[in-house]
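Note that the protein sequences, when read in sequence, are chains R and Y.
Residues 581 to 983 in our numbering are what the first sequence lists, from first letter to last.
Residues 581 to 983 in our numbering are what the second sequence lists, from first letter to last.
I should point out that these hints are in silico values taken from the structure, not numbers from a laboratory.
Check before you lean on any hint, since a few could be wrong.
Because identical chains share one entry, a pair is satisfied inside a single copy or across any pair of copies.
Calculated lysine-lysine pairs in the DSS-like style (CA-CA distance at most 27 angstroms, straight line) [claimed, not checked]:
1. K913 / K641
2. K641 / K592
3. K642 / K706
4. K929 / K942
5. K913 / K866
6. K642 / K609
7. K642 / K913
8. K605 / K942
9. K609 / K784
10. K642 / K784
11. K733 / K592
12. K641 / K607
Predicted, not measured: the structure shown is a model, and the values here were computed from it.
2 protein chains.
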Amino acid sequence: MIEIQGGVCAAKGFLANGIHCGIRKNKTKRDLALIVSQVPATAAAVYTTNLVKGAPLAVTKKHLANGIARAVICNSGNANTCNADGEAVAEEMSRAAAETLGIDANDVIVASTGVIGQPLDPTPIKAALPALAEGLGAHGDLAAEAIMTTDTKPKEIAYSFTVGGKECHIGGIAKGSGMIHPNLATMLVFITTDCAITAPMLQKALSADVVDSFNMVSVDGDTSTNDMVTVLANGCAENPVIDGEGEDFESFRAALRAVTVWLCRRIAGDGEGATKLLECTVSGAKDDATARVIAKSVICSSLTKAAIFGADANWGRILCAIGYSGASVDVTKVDVSFVSAKGSVAVCKNGAGIEFSEEVAKEILLESEINVVIALGDGDGCATAWGCDLTYEYVRINGDYRT
Amino acid sequence: MIEIQGGVCAAKGFLANGIHCGIRKNKTKRDLALIVSQVPATAAAVYTTNLVKGAPLAVTKKHLANGIARAVICNSGNANTCNADGEAVAEEMSRAAAETLGIDANDVIVASTGVIGQPLDPTPIKAALPALAEGLGAHGDLAAEAIMTTDTKPKEIAYSFTVGGKECHIGGIAKGSGMIHPNLATMLVFITTDCAITAPMLQKALSADVVDSFNMVSVDGDTSTNDMVTVLANGCAENPVIDGEGEDFESFRAALRAVTVWLCRRIAGDGEGATKLLECTVSGAKDDATARVIAKSVICSSLTKAAIFGADANWGRILCAIGYSGASVDVTKVDVSFVSAKGSVAVCKNGAGIEFSEEVAKEILLESEINVVIALGDGDGCATAWGCDLTYEYVRINGDYRT
């Protein structure tokens, strides 16, 4: 597997674009993205578990019922959620995109992200569609920009991999910075691949993947109403169609996982106001599920997040978060270390503090990527979760988001 | 029921004191509290559900096995948790207190609060005990001060009430500002009463009370390792002993609830870095349990807390928190209003936004006590939860707590 350029346009037969259509007041911020496959593609998706769901999710779910899609239309600046006319507007968006592209409205994935509870006027979207479609090209970067909300950096990645002797490509873009917490899809992620795979196997690969990728990311403990992850696979790589388990399916899964984990780390590291990526790796758990619960509890702890911001080796807060996680764990067997590019320092052994150099710990914790390594000595279960530190900037951003 | 002065010394037969013994470097900060009943008292307690438990909790639990206690010794500045010698030190603290007071060590409740994972040297505590005991008097205020950690204000309250024609008194002190999240007792609370009540009925009253009081408070979602709520009832009011359910028991429960709710509101309003008390009242739920889950989800939402800090009527975040709470709720029937001393403003009706004056909403949200009122239109269940806003100051306090 090799990292390549191109994001969602790295796979053959995919075009993208992103422009400013006017939903956002700031004219320099792109707010409308379009991704198109030149041929029909199989499609899969996972959606937020929040009972309050954005209207676009209901429409997308309906459109993907047949496992086929050709385009993604996504605006930022308004979530189109908790609006009485939400579904009608989402349908109108997909209809307008379909008409412009000359495809079926049922083959359009529609998504929105931004403020909840403000009516979304589709007029600027419809007016901008001709120019948006006109400019379609190898512009995954512009699409990645257009879906950003409070993200400080666009997030795009692509890899090449081999299936049945054919070179395939897979790429993805993501937006996600706040209102991010593991409970199925927790952000907007659009993935494209030219690998040939049936819709059921694509869905199987995606559903299995999110358990250890997007479900293990949390920025603030708030599970969004609008988030979804979609994959389009258009078969342009001309590999033998993956229609069951086996080596080819595993190759595809590995490539998908490379994309999702890369995006997870970027989303966490670009969490609202974040200065550091906080990774927690748990091993020695009774099983993987137990390891996941503990890893997530640690990266969700406000007190741990604030300590990491302050580069304070306050490991007691990590023990505390393990203890209240709800997982069954023998706290007298827990070891904890902090690891970063500067090295590692063990701070807790068998559930009790051990002597360590505060200076060394400080140096390690001042890095921008911190891994909290937890060994439970209780089995083979392991998991990794990704979060970020809690900072003044998080409070500033969210104290007055709507204005 | 009448609010009275005296805190934990309002009830007859209770004395208290608080001094600086030297656990904290700052000599102006009291760090050791003692509460004593002049006669043996029945006792009840609830403890944190965190699997990582402070050593004092294990010792207190053992001492309260017979339902009798006479004294509380509590230090701040060090939690005596995750230390290999923790229980031995907690036993030593209670033994020293017992010897000084001439009582049985089994009748001592011992508690510690502060940093986790730093060995607690009992020497300064033992050295200070004679002076601490010497100064015992109507000094509930000094005890309230001595148990504070990051609290900005001591928290004490007392009420008088009547049982069987006799005037009884009940008072309490609490410490709690960070690492506060509903899961049984979530802070240190010491309550004293001169009401005569058997140990089993006292425990029954306390266990029932915390479900709707301390279990409904959250500052930061982190469930502490050391928290407990204890009640001592010494019978000095000479009322007919409450040994079963009935009118007298209900009178006692009402008085207990007045103390606990008052302390809950103070703890939430004095949450680390808080500028506002955030109260969430849910009605019309299928049942009380559903209402509790929703009320807690709202006051725990980082995004809602940050919006309240910014006096931003961002009700979409409240709908979002209702949606991911895990409670079964029809989101198309949800009404939301913001209420404060300045009035009230309805912002959401039947799950969708309604027009409201942003100016009026701002004025309401600039107050220091904000109530988010949620009506679900689905039954008779109701609940109230208490939290606080999320501020820059929370991050500052917790970015470097240990130094």
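Comparing the hints with the structure gives:
1. For the identical chains of this complex, K913 and K641 are inter-copy neighbours only, at 23 angstroms across copies versus 45 angstroms inside a copy, given an alpha-carbon limit of 27 angstroms.
2. Taking CA atoms no more than 27 angstroms apart as the test, K641 paired with K592 passes inside one copy only; the shortest distance there is 25 angstroms, against 67 angstroms between copies.
3. For the identical chains of this complex, K642 and K706 are intra-copy neighbours only, at 21 angstroms inside a copy versus 71 angstroms across copies, given an alpha-carbon limit of 27 angstroms.
4. In the homo-oligomer, the alpha carbons of K929 and K942 lie at most 27 angstroms apart inside one protomer (19 angstroms), although the nearest pairing across protomers, at 50 angstroms, exceeds that limit.
5. With identical chains, the CA atoms of K913 and K866 are at most 27 angstroms apart within one copy only, with a shortest distance of 12 angstroms there and 42 angstroms across copies.
6. Neither within a single protomer nor between protomers do K642 and K609 lie at most 27 angstroms apart by alpha-carbon distance, with minima of 30 angstroms and 63 angstroms respectively.
7. In this assembly of identical chains, the alpha carbons of K642 and K913 lie at most 27 angstroms apart only when taken from different copies (24 angstroms versus 49 angstroms within one copy).
8. For the homomeric pair K605 and K942, the shortest alpha-carbon distance between copies (22 angstroms) is at most 27 angstroms, but the shortest distance inside one copy (42 angstroms) is not.
9. Taking CA atoms no more than 27 angstroms apart as the test, K609 paired with K784 passes in neither setting, with 36 angstroms inside one copy and 60 angstroms between copies.
10. Taking the shortest Cα distances, K642 and K784 sit within 27 angstroms of each other inside one copy (18 angstroms), while across copies they are farther apart (52 angstroms).
11. Taking identical chains as interchangeable, the C-alpha atoms of K733 and K592 lie at most 27 angstroms apart only when both belong to the same chain, with a minimum of 25 angstroms there against 64 angstroms between chains.
12. Taking the closest pair of Cα atoms, K641 and K607 never come within 27 angstroms of each other, the shortest separation being 32 angstroms inside a single copy and 64 angstroms across copies.
The structure shown violates the earlier hints numbered 6, 9 and 12.
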